[in-house]
Amino acid sequence: MASLVIAEHDNKNLKDATAKTVSAAAQISTPVHVLVAGSGCASVAEAASKLGGVEKVLLADDPAYAKMVAEPMEKLILSLAPNCDAILAPATTNGKNYMPRVAAKLDVPQISEILKVVGPDTFERPIYAGNAIATVQAPAGKKVITVRTTAFKAAEAAGSASIEKVSAAGDPGISKFVGEELSKSERPELTSAKIVISGGRGMQSGENFHLLDKIADKLHAAVGASRAAVDAGFVPNDYQVGQTGKVVAPELYIAVGISGAIQHLAGMKDSKVIAAINKDEEAPIFQIADFGLVADLFKALPEMEAELTKLGY
Amino acid sequence: MKVLVPVKRVIDYNVKVRVKADQSGVDLANVKMSMNPFDEISVEEAVRLKEKGKASEVVAVSIGPQQASETIRTALAMGADRGILVKTDAEVEPLAVAKILKAICEAEQPGLVILGKQAIDDDSNQTGQMLAALLGWPQGTFAHKLELADGKADVEREIDGGLQTVEIKTPAIITTDLRLNEPRYASLPNIMKAKKKPIDEKTPADYGVDVTPRLKTLKVSEPPKRTAGIKVKTTAELVDKLKEVGAI
Chain A
1015 MASLVIAEHD NKNLKDATAK TVSAAAQIST PVHVLVAGSG CASVAEAASK
1065 LGGVEKVLLA DDPAYAKMVA EPMEKLILSL APNCDAILAP ATTNGKNYMP
1115 RVAAKLDVPQ ISEILKVVGP DTFERPIYAG NAIATVQAPA GKKVITVRTT
1165 AFKAAEAAGS ASIEKVSAAG DPGISKFVGE ELSKSERPEL TSAKIVISGG
1215 RGMQSGENFH LLDKIADKLH AAVGASRAAV DAGFVPNDYQ VGQTGKVVAP
1265 ELYIAVGISG AIQHLAGMKD SKVIAAINKD EEAPIFQIAD FGLVADLFKA
1315 LPEMEAELTK LGY
Chain B
134 MKVLVPVKRV IDYNVKVRVK ADQSGVDLAN VKMSMNPFDE ISVEEAVRLK
184 EKGKASEVVA VSIGPQQASE TIRTALAMGA DRGILVKTDA EVEPLAVAKI
234 LKAICEAEQP GLVILGKQAI DDDSNQTGQM LAALLGWPQG TFAHKLELAD
284 GKADVEREID GGLQTVEIKT PAIITTDLRL NEPRYASLPN IMKAKKKPID
334 EKTPADYGVD VTPRLKTLKV SEPPKRTAGI KVKTTAELVD KLKEVGAI
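Each protein sequence line maps, in turn, to chains A and B.
In this note's numbering, each residue's number is its place in the first sequence (first place is 1) plus 1014.
In this note's numbering, each residue's number is its place in the second sequence (first place is 1) plus 133.
Careful, some of the hints might be misleading.
[What the hints assert, rightly or not] Restraint-style ranges between C-beta atoms, simulated for each label pair: (1) A:G1133 x B:P346: 11 to 21 Å; (2) A:A1095 x B:L351: 24 to 34 Å; (3) A:D1121 x B:L351: 21 to 31 Å; (4) B:M134 x A:A1320: 53 to 63 Å; (5) B:S189 x A:S1174: 55 to 65 Å; (6) A:D1121 x B:E315: 30 to 40 Å; (7) A:K1286 x B:R215: 33 to 43 Å; (8) B:A369 x A:A1154: 51 to 61 Å.
Simulated from the structure, these hints should not be mistaken for lab results.
Using N, Cα and C, we set each Cβ at its ideal position, and we do this for glycine too.
So here's chain B without its partners, still in its complex pose (with noise of 0.2 Å):
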């Protein structure tokens, strides 16, 4: 069985975002880029299934700029086989993105696409969803722990009220969540290796989809600010100042 792994290139989750000053959008010149964290963790449990046996082949997707294939090379260390870099510079809005995957999985016929439940940047939660609606197939998102049988997969979910398991049949798409599991470190040797495997490149053109964006951003704009406070010296005087405010 093919697994399918979608990442994604996004702002470095450990910088700090400026919202530029004519509110265009978020500052992202200069600033260090990395693979989307939950990517990281797709890329880690399609390698774990292929070192178990259960997959074939992993295959490593980005929809991105020329960058975007050092995205994939970073996928390709960690144990990915081959890449598809699908080269756009413009801003790929998620449905556009269910929209290339969708034509990407019907060519290469994978038995799973495991995604990151959603990318630290535009904070969608959509894409993996969208792919599972678009080719007709079941989805296990938020996904804690997987297990692979036969013609199906067990996934239990990171729900609001705790843990919820679900069966699906495959081909699926899965979504992961943060304890699914810990993504390794890719090791000198295989960062090396990675630089000889292949990466295809491709257009959106190529699968026939228009990537223009839909949604219209009209600004991005800081959010309120809070202030620090007081200091208190003491619990009684915490609880104090509580009851004063009028909060407990």
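Just chain A, same shape as in the assembly (with noise of 0.2 Å):
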């Protein structure tokens, strides 16, 4: 039977976070299916079905998938999954909201966050903070996933799906899109860029971000913070790397003013090259890092961008 990804959009564009959730699916249970629930998304069908190694898309156009409500979403997948006997979602604030709930309905346990698919039943996924990694096997039955995104290749833009429109199911009615306060930015988003620029409680202040910022407009990069620097209240809670915030796993990662606390080193420990800019020499985040340097970084950011467009960038 089929595999069932549950597409990341915002209604417009197909996110990264699709792609890679179609990879660790195709590993599992073939054909993939996608099912893209949405309001006025048919784009996102469009893009979706042009992905590797997806069969079908699906498309469940209806105002009360907007947002993703968890409640509504809980239903829709419901419906859809007698026809499946795996169900993955990339694990967003998303699909962390409404996947349990399905798992719980199907009376299964969800198996968060996998990082790696050792055979069809059998999967890697993080504990305690990403100090451990453990192997777990899924009992008989239907399998309710989510998927560590940055662990996965995208498949590549190669298929020809159809689309099949499937019926709503039904908004319970028990909860409402109210509304959001999203950052606006140019840069690409953190859990997809290819270099990611990140200050900690060293920046001081939310205005010296704007050092940052230079040099990431610079390199296409996307900036970031640490749970010290979002709790100090310095930029929004959507900057965090970490943990309890995001995981990246870019080709590069600049770690600014950054100590290197567990809970940091979990959300950006799997990128390809990672720089370090501390004034303590002691600080952890260079027990890891690729390229350490010892400086002020009121110094050192400065003389960065103009290094950066000395050579053109």
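Grab the two chains, each in its own frame, and use the hints to assemble them into the complex.
Shown next, in the form of structure tokens:
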């Protein structure tokens, strides 16, 4: 039987997290079907139909799904569950919100944030903030899985799946979306950026983050932060990289004024290259950094910007 | 309105975890245990609701070994009124926890259940949502701000792109994120008072729930280690190195 991947999107664009979840799904059970649940989201279904390895896209276009509110999403996914033996969602705040409801109703355990598919029923997942990796085997029956997308390669855009409309499953009417405040940025998203530059408590204030912004603009990088910087109110919560924030694995991660608490390392230690700038040479971040610079960031960042300008960035 | 707050006894967040040599799990012998940090935020939020006159009673529940009663005592010292210990030495998975909590909700009829969004041991982030589904209640997960009104709650949630507000009907499930509040330290007089507050002892069987794990843990291993690279002397050298390895 098929695996069903729940697409992550904003009703206009399909998120990269979906392509990565499709890769994980293809290793568990084929064919792979993708559910696009949203409102006015035909272009998303179109994009999903082009993902390699996807046989069919199910499009549930209804105002109830516009913001993927958990209660209607649960009903919709359950209405499609009889036709599949694995249901996967990326471990985004959306996936983490609706998936356990589906698992509970199917009376199966959820397997959260898998890092690797060892076999069709066996998976690796992080525990203790990534300080240990558990290999777990799911019981017979349907599998409900969330996927840590940084651990999987995106399925290539090489397919031509059919798009089939599915009917809405109704809204239980116990919850509704009221509003949202989304950070506006011209820069790439943290979780899909090739380069991430993050600031910590050492930045001293929110205003000082503009030093990072300037470098981010040159490198087309996303800007992140440690929990300490978010808790201190320097930047909003959606900047947070770490076990309880976002997990990133870019080609290059530049940690600035970040000491390297376990919590933070859990969110970025799988980056390909890590560079760290910190004035404390004993900072734990240097133990995992490929390139460390012991320096005052208020001196180093303008210098770095100037160096990049010199090199034509 | 009654508020139910489930609390989990976990390895203290300051302890560096060590994987056992035989890969059967993480070494918990002689390790400091504490209340899951997200659950402290739940207790704080519930106690604040009581202090504001929005909640009539705060009941702390823990599912675990006898020592989990200490975790309940911590909640009582913070201001919860009474406790329920569901005693078991088994490792209880989120689904089984949700089933036990469902039975407790049916008996206690709370207006809100406030849970931590995840426990820092298994990092599952499931129990609150599962409980909501089993009860057919709405959920406000990853709460950043909670406002109660007649028969409903407005929950501002931490989401990937920023913040989102949902309106949910009560009774409802709330799961807490880091910035909902800053938990208080229990004062000595309150710690003394907590010793006199009642804790009911139950077992999973009392609620008709089988807690046998459904997932089989085949092994627990160390994550791949990263090693320290080199120290560079100047910013220019750093930029050169990044260019050399093709990172920029």
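Hint by hint, here is what the structure shows:
Between G1133 (chain A) and P346 (chain B), the C-beta spacing of about 19 Å keeps the proposed range 11 to 21 Å intact. Between A1095 (chain A) and L351 (chain B) the Cβ separation comes to about 26 Å, which falls inside the hinted range of 24 to 34 Å. The hint said 21 to 31 Å for the Cβ distance between D1121 (chain A) and L351 (chain B), and at roughly 22 Å that hint holds. Distance hint for M134 (chain B) and A1320 (chain A): a CB-CB separation of about 60 Å, consistent with the stated range 53 to 63 Å.
With their beta carbons about 60 Å apart, S189 (chain B) and S1174 (chain A) fall inside the hinted range of 55 to 65 Å. Taking the beta carbon of each, D1121 (chain A) and E315 (chain B) are about 38 Å apart, inside 30 to 40 Å as hinted. Hint check: K1286 (chain A) to R215 (chain B), Cβ distance near 52 Å, so the stated range 33 to 43 Å is violated. About 60 Å separates the C-beta atoms of A369 (chain B) and A1154 (chain A), a value consistent with the hinted range of 51 to 61 Å.
In the structure shown, a violation is registered for the earlier hint numbered 7 alone.
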